[in-house]
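Each residue of the sequence shown is one higher than the one before, starting from 16 at the first, in the working numbering.
Please note: incorrect hints may appear among the correct ones.
If you anchor each label on the Cβ, the simulated ranges turn out as follows [unchecked claim]:
id, residue 1, residue 2, range
1, Asp171, Ser464, 54 to 60 Å
2, Gly95, Glu226, 33 to 39 Å
3, Asn285, Pro334, 43 to 49 Å
4, Ile487, Tyr137, 21 to 27 Å
It should be emphasised that the hints constitute simulated quantities derived from the structure, not laboratory data. Positions of the beta carbon are idealized from the N, C-alpha and C atoms, including for glycine.
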Amino acid sequence: MRRGSTAWRRLLVVVAAAASILGASETHAIVGSNSGTPANNIFNGVYVNDLVGARTFYGLGFGGSRAVVANVEAGAIWNGHDTLTGRISQYVKNPAIVGTQLGQFDWHATMVGQAIGGTGLYTFQEGIAPTAQLWSGSIATAWIPETGSDYTGAFDITEESFLYPYVTTMRTGISGGGSTLKANVLNSSWGYADSPGQFAETIAIDALALENNVVAVMAAGNAGPTANTVGGPASGYNSISVAALTGDTLTPPFSAVAGFSSRGPGDFFNPATNTMIPAVRPTVDIAAPGDDLTLALYGGVTGGHTSGTDPTLDEPTIPAGAYYVPNIGGTSFAAPVVAGAAALMVDAGKLFVDDAVASSEMLDARVVKAALLAGARAPAGWNNGQATLGGVITTTQALDQASGAGILDLDATYRIYVGDPASITFNGAQYVIAGQNTTLGLPGDTGGSGLALRGWDLGSVFSDSTAGSGRINSYSFAAPLAAGDTFTACLTWFADRTLGTTLASATDVALSNLSLEVWRSTGSGESLVASSAATYSTTEFLRFTVPQDGDYSLRV
16 MRRGSTAWRR LLVVVAAAAS ILGASETHAI VGSNSGTPAN NIFNGVYVND LVGARTFYGL
76 GFGGSRAVVA NVEAGAIWNG HDTLTGRISQ YVKNPAIVGT QLGQFDWHAT MVGQAIGGTG
136 LYTFQEGIAP TAQLWSGSIA TAWIPETGSD YTGAFDITEE SFLYPYVTTM RTGISGGGST
196 LKANVLNSSW GYADSPGQFA ETIAIDALAL ENNVVAVMAA GNAGPTANTV GGPASGYNSI
256 SVAALTGDTL TPPFSAVAGF SSRGPGDFFN PATNTMIPAV RPTVDIAAPG DDLTLALYGG
316 VTGGHTSGTD PTLDEPTIPA GAYYVPNIGG TSFAAPVVAG AAALMVDAGK LFVDDAVASS
376 EMLDARVVKA ALLAGARAPA GWNNGQATLG GVITTTQALD QASGAGILDL DATYRIYVGD
436 PASITFNGAQ YVIAGQNTTL GLPGDTGGSG LALRGWDLGS VFSDSTAGSG RINSYSFAAP
496 LAAGDTFTAC LTWFADRTLG TTLASATDVA LSNLSLEVWR STGSGESLVA SSAATYSTTE
556 FLRFTVPQDG DYSLRV
């Protein structure tokens with residue numbers, strides 16, 4: 016594989032108070048949705064949608080309907096399952112490739128598809144974004160059988176099979192009805208060894224996400240608990256790398272990172288000097304439920320089901336589309352939970368942007384990413400390397416190596432991204448209110464004052480007057496902070512990576528080095544309280560207990 020990182024846009028959020036399929040398993044139990052008893056029914060488990068806070072979005076009418084989510088991986092999502100009938104609006108594969116296995120329905124893709132946007136009569140059938148428009152892109156030209164197993168997670172791709180669905184869903188779009196649609200959110204639950212994120216495929220996906228403002232979500236991988244095991248494309252700079260949570264019987268459920276979940280720190284490759292610096296950058300952004308799940312089964316002997324028979328045909332009285340895989344695990348299934356979460360945010364954001372309640376910056380992929388990270392909860396043992404140095408809370412790591420910013424929490428994210436959940440009903444119609452106790456961006460791109468204690472902004476630290484060296488942007492709050500409050504702040508930006516029409520054109524252009532600081536103002540001046548300065552990252556993150564009452568500000 017080929018190797019191939021100005022002005023930087025950045026997003027600020029603050030809240031106070033291989034090639035292998037990831038998640039592949041050799042042995043599968045299946046169960047029909049109309050079998051079992053209350054004592055052993057696998058559908059009586061934890062309802063993940065509620066656990067991650069999606070109900071906050073659902074209650075205000077956001078199920079993802081304004082968003083397009085593309086799932087691009089080895090095979091295609093089967094649209095014959097009860098949860099996915101009528102849900103796949105586009106299948107995307109290179110039409111010039113014939114005589115291969117490209118585009119075959121696949122058991123793994125079907126489970127991922129349900130996790131993103133499944134729907135049906137029963138709550139257990141719903142994905143996180145059950146009304147999002149769902150596309151299915153395929154890249155595998157052949158599956159490689161595994162000895163002793165009917166299922167495989169290994170497959171072949173070509174440059175043409177890889178590029179076509181990624182370019183189509185993100186860059187060129189799909190035309191119909193007088194308009195052209197592109198994906199707002201991309202999910203990819205597959206991977207390969209690429210710790211530094213330097214392979215052409217990784218750079219290409221990063222470049223397309225930047226170029227087309229796509230929230231790209233990637234499965235971190237299943238090579239944990241060893242450090243430095245996150246591979247491509249999750250090891251890139253412009254996506255959201257997702258770890259898997261386990262423990263549906265824990266209190267609270269899904270409150271620990273699964274042992275199999277890959278983690279950082281990852282390597283850094285400098286293409287300008289052709290040097291590699293090992294294990295220096297965070298490569299996991301957030302964690303979501305990805306173990307002990309029950310997901311839709313496609314039993315056909317196509318795709319990654321390379322041999323044997325279709326197990327759904329054993330009982331002719333149960334339709335093939337009524338079977339599920341229980342106790343499935345892998346970051347493959349955590350990533351689509353986050354992709355669905357991003358689709359809910361895009362759904363809400365489009366409503367407010369279209370109604371001129373907020374600027375188009377609300378739909379920026381960096382805004383969505385930063386709001387997700389800022390809203391995350393810290394699991395037990397969360398550690399981003401913060402230490403007090405010279406009286407200043409300091410981290411050069413930014414994120415926890417296993418869980419990133421922590422556990423996905425869509426209720427907290429909604430309050431950061433939109434505001435306090437609120438609506439009014441008039442003449443039978445629901446009107447959602449935005450901006451309650453939350454700052455929905457600021458005019459210009461240089462910071463501001465009078466901010467609410469929640470919210471986000473999109474701006475730039477690049478200035479022509481400083482010859483490209485950057486400037487300091489400051490954000491001050493309207494209200495003081497109280498000692499003992501938990502302060503969380505997230506800064507995200509993207510690496511400048513470009514792609515032409517071939518993988519050989521995938522190029523690193525620049526990687527900015529920004530920092531995030533918290534200052535306290537007193538009558539005698541200002542003092543630095545906390546700093547996140549991770550040299551090789553595109554995220555800075557702070558979470559700490561406010562040490563003293565006072566007026567505080569953020570600096571980028």
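Hint check results:
1. For the pair Asp171 and Ser464, the supplied restraint of 54 to 60 Å holds, since their beta-carbon distance comes to about 56 Å.
2. Distance hint check for Gly95 and Glu226: the Cβ-Cβ separation is about 35 Å, which falls inside the suggested range of 33 to 39 Å.
3. At roughly 55 Å, the beta-carbon separation of Asn285 and Pro334 lies outside the given 43 to 49 Å, and the hint is violated.
4. Between Ile487 and Tyr137 the beta carbon distance is about 53 Å. The supplied range of 21 to 27 Å is therefore violated.
Going through the hint list in order, the structure does not satisfy hints 3 and 4.
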